[in-house]
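Asks: For the sequence shown, my numbering assigns the number 1068 to the initial residue and increments by one for each residue that follows.
Treat the hints as calculated values from the structure; they're not laboratory data.
The model shown is predicted, which means the values in this text are computed figures rather than measured ones.
Incorrect hints may have been included.
Listed below are the simulated EDC-like cross-link pairs for lysine to aspartate or glutamate, each with C-alpha atoms no more than 16 Å apart in a straight line [unchecked claim]: (1) K1078 / E1142; (2) K1148 / E1089; (3) K1073 / E1091; (4) K1115 / E1142; (5) K1107 / D1096; (6) K1138 / E1089; (7) K1080 / D1137; (8) K1147 / E1089; (9) K1073 / D1096; (10) K1107 / E1142; (11) K1078 / E1089; (12) K1100 / E1071; (13) K1111 / E1071; (14) K1078 / E1091; (15) K1111 / E1142; (16) K1147 / E1071; (17) K1100 / E1089; (18) K1107 / E1134.
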Amino acid sequence: MKGEIKEIFSKAKWDPSFKNREIEIVIIDRLVKNGRRIIKFSEKIKVKDSLIIEENGNWIPFHRILEIRDKNTGEVFWRKKL
């Protein structure tokens, strides 16, 4: 899981074919009503080890990622197996 997610994030950041894509990361968030929240990859996030670090300092471990997808096309790059 960790390797696959890091590879997708690397492509989203560096691969020219991802340049015009709007990548969304769907995560589990117990503080919102439906329990899920969407983070846009274009927002200022950092990826360190097995964490996403948001601009506001929130740390999101990879195990809370449910899906990584392209908002415009609906293409799913990765989905957690439940």
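Asks: If a hint holds in the structure, say so; if it does not, say that too.
Replies: Here is what the structure says about each hint:
1. With a CA separation close to 15 Å, the supplied pair K1078 and E1142 stays within the 16 Å bound.
2. Only pairs whose Cα atoms come within 16 Å are accepted, and K1148 paired with E1089 is rejected, the gap being roughly 23 Å.
3. Note on K1073 and E1091: the hinted pairing holds, with a Cα-Cα distance of about 14 Å set against a maximum of 16 Å.
4. Distance hint between K1115 and E1142 is unfulfilled; the C-alpha atoms sit about 25 Å from each other, more than 16 Å.
5. Distance check on the hinted pair: K1107 and D1096 sit about 15 Å apart at the alpha-carbon level, within 16 Å; holds.
6. At most 16 Å may separate the alpha-carbon atoms for a hinted pair to count; K1138 and E1089 meet this at roughly 6 Å.
7. Of the supplied pair hints, the one linking K1080 and D1137 holds, its CA atoms being roughly 14 Å apart against a limit of 16 Å.
8. The straight-line distance between the Cα atoms of K1147 and E1089 is roughly 20 Å, outside the 16 Å bound, and the hint therefore fails.
9. Between K1073 and D1096 the alpha-carbon distance is near 20 Å, which puts this suggested pair outside the 16 Å criterion.
10. This hinted pair checks out: K1107 and E1142 have alpha carbons roughly 15 Å apart, not beyond 16 Å.
11. With a CA separation close to 13 Å, the supplied pair K1078 and E1089 stays within the 16 Å bound.
12. The straight-line distance between the Cα atoms of K1100 and E1071 is roughly 29 Å, outside the 16 Å bound, and the hint therefore fails.
13. Note on K1111 and E1071: the hinted pairing is violated, with a Cα-Cα distance of about 21 Å set against a maximum of 16 Å.
14. Distance check on the hinted pair: K1078 and E1091 sit about 14 Å apart at the alpha-carbon level, within 16 Å; holds.
15. With a CA separation close to 22 Å, the supplied pair K1111 and E1142 exceeds the 16 Å bound.
16. Distance hint between K1147 and E1071 is fulfilled; the C-alpha atoms sit about 11 Å from each other, no more than 16 Å.
17. Between K1100 and E1089, the direct Cα distance comes to roughly 24 Å. Violation of the 16 Å bound is thereby established for this hinted pair.
18. This hinted pair checks out: K1107 and E1134 have alpha carbons roughly 12 Å apart, not beyond 16 Å.
Hints 2, 4, 8, 9, 12, 13, 15, 17 from the earlier list are contradicted by this structure; the remaining hints agree with it.
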